[in-house]
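Protein chains in written order, with this note's numbering: chain C, 1 to 138; chain E, 139 to 276; chain S, 277 to 414.
Please note: incorrect hints may appear among the correct ones.
Unchecked claim - Here are a few chain C residues that sit away from chain E, every Cβ distance over 10 Å (derived from the structure):
1) 6
2) 7
3) 8
4) 52
5) 54
6) 62
7) 115
8) 132
Claimed, not checked - Covered stretches of chain E (in silico footprint by chain C; criterion: 3 or more residues with CB under 8 Å from a CB of chain C, positions within the stretch not fixed):
9) 166-179
10) 191-200
11) 230-242
Simulated from the structure, these hints should not be mistaken for lab results. Ideal Cβ positions, reconstructed from N, Cα and C, are used throughout, including at glycine.
In case you want the letters, here they are:
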Amino acid sequence: MIDRFHIDTDGPGLYEVTAPIAAWVEKQRLREAALTLFVRHTSASLVIQENADPDVQRDLQAFFHRLVPPGSDPSMSYLRHTCEGPDDMPAHIKSALLPVSITIPIFDGHMALGTWQGIYLFEHRNAPHRREIVAQTA
Amino acid sequence: MIDRFHIDTDGPGLYEVTAPIAAWVEKQRLREAALTLFVRHTSASLVIQENADPDVQRDLQAFFHRLVPPGSDPSMSYLRHTCEGPDDMPAHIKSALLPVSITIPIFDGHMALGTWQGIYLFEHRNAPHRREIVAQTA
Amino acid sequence: MIDRFHIDTDGPGLYEVTAPIAAWVEKQRLREAALTLFVRHTSASLVIQENADPDVQRDLQAFFHRLVPPGSDPSMSYLRHTCEGPDDMPAHIKSALLPVSITIPIFDGHMALGTWQGIYLFEHRNAPHRREIVAQTA
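Please build the complete structure, drawing on both the sequences and the hints.
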């Protein structure tokens with residue numbers, strides 16, 4: 001089965017999508033299957049992260065902002081793809097560094113996530129965007 | 139169905155493979171399936187990136203060259219696996235940082251790529267190499 | 277088929293798991309299938325790396341320790357999630373940077389790994405941990 005999930009983002013950071021994906025998986029009552037998630041963008045990513053302390057998501061966003069600073073930062077003066085703003089090429093770099101697809105085993109109807117694992121869309125652009133994740137069970 | 143794609147590379151950078159993979163998928167006329175791509179190397183990667191402006195691919199290559207400089211760079215003097223040249227261990231590091239496998243849902247015969255998403259082999263070595271990607275639909 | 281593999285770790289670094297996974301795959305005598313590996317943690321990763329020279333694994337660990345230093349390093353003073361020790365938030369960052377899932381095609385009963393590719397659990401925490409990888413063939 002295949003479906004699409006949409007997330008409206010409002011600036012860089014992690015947006016949790018575990019609950020709607022878990023609900024969609026569980027209503028299929030699959031004994032054993034695999035769930036593939038795929039984000040249809042080159043400036044947003046999928047990550048699995050700790051879902052207990054919001055500081056973890058904030059620190060992740062802070063780390064990647066330092067690892068790949070905006071194009072206006074002197075250290076990024078070598079960039080050439082700058083016409084769409086200082087957050088554009090760094091967003092493409094982050095989308096290469098972080099997953100575009102994740103596959104999660106399903107067992108007894110549930111995703112095999114660990115206790116602390118949540119699924120997040122990681123938005124890399126500054127402006128609001130509507131993002132699409134394709135979810136597929138097989 | 140399973141098949142192999144070969145790419146002859148001539149130095150570091152991104153080599154697009156979207157068209158031959160799309161053609162192979164489309165001739166299978168699959169209504170719903172998943173495509174797994176897997177690169178059989180530890181010094182080359184698979185990435186999905188913006189396929190409109192070649193500067194994006196050049197900037198990506200430039201970023202990763204700065205993030206993981208050649209072993210001859212003073213900042214990399216801690217490396218021990220240096221016998222195969224200054225680009226060897228940095229290539230292994232990049233192949234850990236970037237995907238070795240990507241899974242893409244197929245729907246109505248086509249890969250569910252977003253408008254701007256292209257599939258690339260990312261070569262990390264300086265010398266020419268013949269690279270192999272295993273493609274599998276299921 | 278689905279199964280779980282456990283790895284007892286004793287500090288940061290790469291722990292090879294190729295042999296038990298290959299044995300589990302091969303006894304299933306699958307002509308064509310896909311293997312999904314999924315690590316159920318947010319402070320450990322899965323990587324495919326060169327399995328010939330142990331210096332490669334040591335250099336990888338050294339690179340990631342420099343890229344994401346402990347929270348006690350002055351460059352990491354912006355971190356807020358620090359209550360579980362200086363290696364905790366850096367471990368979450370590494371688990372975002374490195375794969376949580378990998379899918380490997382199976383052909384004629386064997387994983388389609390390249391000659392030099394080994395599968396590793398990459399432990400990011402200092403204290404000993406029991407780690408779990410879910411393996412699934414489909």
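Against chain E, does residue 52 (chain C) hold up as non-interface, every C-beta pair farther apart than 10 Å? Correct as stated: the minimum Cβ-Cβ distance to chain E is 26 Å, above 10 Å.
Taking C-beta pairs only, is residue 54 (chain C) more than 10 Å away from all of chain E? Given that every Cβ of chain E is farther than 10 Å from that of residue 54 (chain C), nearest at about 26 Å, it holds.
Go check the segment 230-242 of chain E versus chain C for me, would you? Three or more residues, Cβ under 8 Å, otherwise it fails. Holds, because 6 residues of the segment 230-242 of chain E bring their Cβ atoms closer than 8 Å to Cβ atoms of chain C.
Beyond 10 Å from every chain E Cβ - status for residue 132 (chain C): Incorrect as stated: the minimum Cβ-Cβ distance to chain E is 7 Å, not above 10 Å.
Check the non-interface label on residue 7 (chain C): least C-beta distance to chain E beyond 10 Å or not. Non-interface label on residue 7 (chain C) holds, nearest chain E Cβ at 14 Å vs cutoff 10 Å.
Minimum C-beta separation from residue 6 (chain C) to chain E exceeding 10 Å: can you confirm that? 13 Å, holds
How about the segment 191-200 of chain E: do at least three of its residues have a C-beta closer than 8 Å to a C-beta of chain C? holds (count 7)
Are 3 or more residues of the segment 166-179 of chain E near chain C, judged by a Cβ distance of less than 8 Å? Per the Cβ count (3), the hint holds.
Non-interface claim for residue 115 (chain C) versus chain E (Cβ beyond 10 Å): 25 Å, holds
Minimum Cβ-Cβ distance from residue 8 (chain C) to chain E exceeds 10 Å: Its Cβ never comes within 10 Å of chain E, the nearest being 16 Å, so this holds.
Are all beta-carbon distances from residue 62 (chain C) to chain E longer than 10 Å? Given that every Cβ of chain E is farther than 10 Å from that of residue 62 (chain C), nearest at about 18 Å, it holds.
In this structure, only the earlier hint numbered 8 is contradicted, and the remaining ones agree with it.
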